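*Asks:* Please build the complex by placing chain B on the supplied structure of chain A, with the hints as guidance.
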Amino acid sequence: METLRVDNVHKMYGNIEAVKGIGFSVKEGEIFGLIGPNGAGKTTALRMISTLITITSGSITVCGYDVATQGDEVRKSISYLPEDAGAYKDLTGRTYLRFIAGFFTDNEETDKMCQRGIDIANLGDRIDSKVNTYSKGMMRRLLIARAIMTAPRFAIMDEVTSGLDVMNAHDIRELIRDIARSGVTILLSSHNMFEVESLCDRVAMINKGEIIMQGTPAELKARYNAKNLEEVFIKGVKSVEQST
Amino acid sequence: MNNLLNLVKKELRELMTIESAISIVVVMILFVGLGFMISDQNEQAMEPVRMGIINYDDQGPSTYYDTVNSTLDGMYDSATRDQYLIKLDSPAILSDGEIISLMQDNGLSNLLVIDPNFSENIDSGTQGKIKAYYITENSGAFGGIDSDSVQGFVSAINGAVSTKLMENELSVDSAESAFLKSPVSFNMPDNYTYINGKLYSDITPSAISGAMMSQTLMVPIIIMIVIMVVGSIVISSMGTEKENKTLETLLTLPVKRTTIVSGKILASGIMGLVYGAAYMVGMYAYMDAITASAGAVNLADYGLVLEPIDWAITMLVMFASILCALGLCMILGAFVKNYKSAQTMTLPISVLAMIPMFVFMFTSWNTLPAAMQAIMFIIPFSHPMMVMQNLMFGDYLLVFAGLIYCIAFAVVTVLVTVKLYNSDILLVGFGQTRLGRMLAKFKKAD
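Read top to bottom, the protein sequences are chains A and B. Quick note: the first sequence uses the working numbering, first residue 3, plus one each step. Quick note: the second sequence uses the working numbering, first residue 54, plus one each step.
Bound conformation, chain B alone:
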């Protein structure tokens, strides 16, 4: 045990460098910053759209001037309307350039212009024209929100004018015209969704899926990064040991090979867990920022929430998966010659981590065909990528089956590693073995 402790301490001393500490802190800062940024964007997106309007239609006899005005007024809270709906007067028709200048002068990003002949055209049976002007600076994920709202405003104006037109043309009252436009009643509370044994109204699977996607999209990426980082650490460590010839010294010390292997795996596992925990903290801040935003679907309201025990299971699955990666890397590390060759040896691990990442970024376990489910189950890195969703939906059988599989996989890889550490391959390389020489001969003959 002393030997193991001694080895783990030495490995950690080598792994816990200033560089690795900086990278952990930077990643945390990045995620927390990302969370705040998204939160800020969300809040901005939830604010009423600040919009300007120039209504040229008031310059002559107008049938629909009041309709347009009252529709837009109705889109805002009366207490704050003047802050967000900026009505601009212009006695003369402005050019496009003048309109942009006017928007800039008034700090507006969106502006609607009602054509001077708007009412006249509609009265004569042709469509009235509305133009929208935008000044865009934010090209992020929420950059299109304002313009979407403006489209909605135009749609509302269209509806209101249509109602007015029906009242005028068909001589029906406003209730009848509303019925004529919408004979079917279907509102948000009319949607019912069954989740984890409970029926919820006011929510659709599409909204749940969208919220879920936004919260768990980053998980596979984080897992992939952690696995690639710890894999690279352990393979590089083996490459460095061989390059510096410290491995030969280590193997002649009075310590069992199992202890040496366990020391390396444990130390790298702890580093992996530190990376994982750092990413989790960052991700928590990121998720919190998203779910805390007003108007966003709060999955907790629908029973889709991770309890502390679920987070513990998540960490356990993640740790088991990291151990699998380390076991595989130790096996690959046995074949590296030096630090340089170690870098290329991380490729198989990267590929194995990337496949489930792409799969689980866009789909979930239940939507996969059986063959794909089998492949995903066999790859031990899939399990931490899907564990959160599975826990939220109460699929504990899959979670625990995955956990047991990962532990068994890790044990097997450790045993294979110990076997390799007891063989000549570690020092003389694969090329000096019978199989290696046979392959070399075959290659030459080829």
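Chain A on its own, in the form it takes in the complex:
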């Protein structure tokens, strides 16, 4: 069963076409990677999927709901973690999680959801410190906890380990694996090819607003006769540049 279906989607910013008829699908329980160079249209695609910006043409379906016409239903099913996202700095980690939980549940359920978030974040006593005292790694853990504690059917993560040190990035990747094992479908974008290769079941590469390849990491490596996904990425981008 498909959790996400993107069909021939275009996005225009004035006269500029940022996304040119992309199409891909993500199966339930899958970790799907969206890769591509800077300005390729990854964030625009993720923003359209998460109902943040409108679609110029084409269609996106999330968990059976149409993004353009059933935005409220889509938002109940997803959790979006933007690149470099932050939290309200004057709140503590706990009050932030409780604030978010309040949109999904009532009373006792809010406490349970909040506790789940606290467990996922695993920040110890610092969960009661103000967010503006958190390190980047702590902030990322809190935000992932925020995104996952609501038990979404579909999690969308943009550059989830961007700017983190090796240890923190490793911890976050382990956390994503655990989340996927619990049955959450994940769509993530990343510049870290090692991360994509180690986490994703399938990958799509976007360049200049178009999907130029998609498949499992193994299929793509075989197709481009490459040792790793980074090589696939470089060869893929160069082949597009040569053809244009």
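Calculated from the structure, these hints are not laboratory results. For clarity, every value in this text was computed on a predicted model and none was experimentally measured. Keep in mind that the hints are not guaranteed to be accurate.
[As the list claims (entries may be wrong)] Simulated crosslink set (SDA-like; lysine to any residue; CA at most 25 Å straight-line): (1) A:K138 with A:I122; (2) B:K472 with B:I248; (3) B:K309 with A:T112; (4) B:K298 with A:I57; (5) A:K237 with A:A70; (6) A:K132 with B:K393; (7) B:K472 with A:A70; (8) A:K210 with A:S184.
*Replies:* Relative to the frame of chain A, chain B by itself:
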């Protein structure tokens, strides 16, 4: 509703910081302090002037020594005269420096010196000389009151000496000389003023206007401050949301955009009301101090008073006006990129608040030309600035028209804000829209 409550609580938690609480308390203290200070100054101003006098005219044969003395004595209550009118004896003529020292030694701020040749000069047909010395320390609004009184004393002496002179020179009695000096009778009770359907004697429009001015002068300033503060709060909040990228998270939560907009506006509106109420309390103390002072015109005696219902209407108009400011700020906030750019976005709101402030500080609705009245009516911040005066004078039509206009204005701005929240502008900015790109091209070509 839970979502709205959740949002309002979060917004208030962010807005109700220690800093904002301190600023509210400080403003209250400032106003209350200002009220007490003015009250104290008023009371001081209403006390009889403590004045010294050195009359050198008694050093030789004097025609007018008793006239001067009795005139000054008549200016004071006989029971307390010795406390306020200090007669100093000096056998020798003192220099200016010696006079100042004498005043300081006796704790005097005002002193009149009657020239040794005062009577002699007048008898010979030239003017007798009086000098006044002042020591001033208070340069506030009431700093000139004492010197004005001294001028009045000299004027009284002048009148008394003139009467005496007429009696001596024209051989008329005192009644005739008084008539000759003032053949027209016009005293304070002879002034009649029609206010709100009732005729009052003993008061002039000038006195009413002066009292009104002193009581309502601060209102436009307070409204302007409140609007600028709440406007800055909401625009900065939008800037911070964008800068911290919390807005993207908020917009992907299962909550309607209308609820998000309403949550922000309501929370900021409550903060605005807290600021407004704090300013009102301070202003009430300030007004009370002014009106309680003896001798000041008490507008309540002339039916010019706000009843509790009028205060409720005033608060309602103020709240509606604050909602208008918040609606406008939410629209402007949609275009800010970060906290820094948010600061400059408050400028249009500040200007819109400052225009009616300057207009209503010095004029009133009725004195404005029609075109200016139209402009003032369109600016929603004008209405709370003039509401108190309009209520005092019973102009309810203008008050309620203004209230309805403010509510309609606020609703329209909220709808526009929701529309913006549902568009791409909020996240991609104005520059990424068709119009934004066209303007950018035009700018480049230029």
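*Asks:* What's the verdict on K237 (chain A) and A70 (chain A), does the C-alpha distance respect the 25 Å limit or exceed it?
*Replies:* Not OK: K237 (chain A) and A70 (chain A) at ~35 Å, beyond 25 Å, violated.
*Asks:* Has the given pair, K309 (chain B) with T112 (chain A), been kept, meaning a C-alpha gap of at most 25 Å?
*Replies:* This hinted pair holds, its Cα atoms lying about 20 Å apart.
*Asks:* Assess, step by step, whether the Cα of K298 (chain B) is no farther than 25 Å from the Cα of I57 (chain A), and give holds or violated.
*Replies:* holds (21 Å)
*Asks:* Is the hinted pair K210 (chain A) and S184 (chain A) satisfied, with a Cα-Cα distance of at most 25 Å?
*Replies:* violated (34 Å)
*Asks:* Keeping to a limit of 25 Å between CA atoms, is the pair of K132 (chain A) and K393 (chain B) held or broken?
*Replies:* Measuring from Cα to Cα gives roughly 23 Å; hence the hint holds.
*Asks:* Has the given pair, K472 (chain B) with A70 (chain A), been kept, meaning a C-alpha gap of at most 25 Å?
*Replies:* holds (15 Å)
*Asks:* Between the alpha carbons of K472 (chain B) and I248 (chain B), is the straight-line distance 25 Å or under?
*Replies:* violated (49 Å)
*Asks:* Just to be careful, I want the Cα atoms of K138 (chain A) and I122 (chain A) compared with a cutoff of 25 Å; is the pair within it?
*Replies:* holds (16 Å)
The earlier numbered hints that this structure contradicts are 2, 5 and 8.
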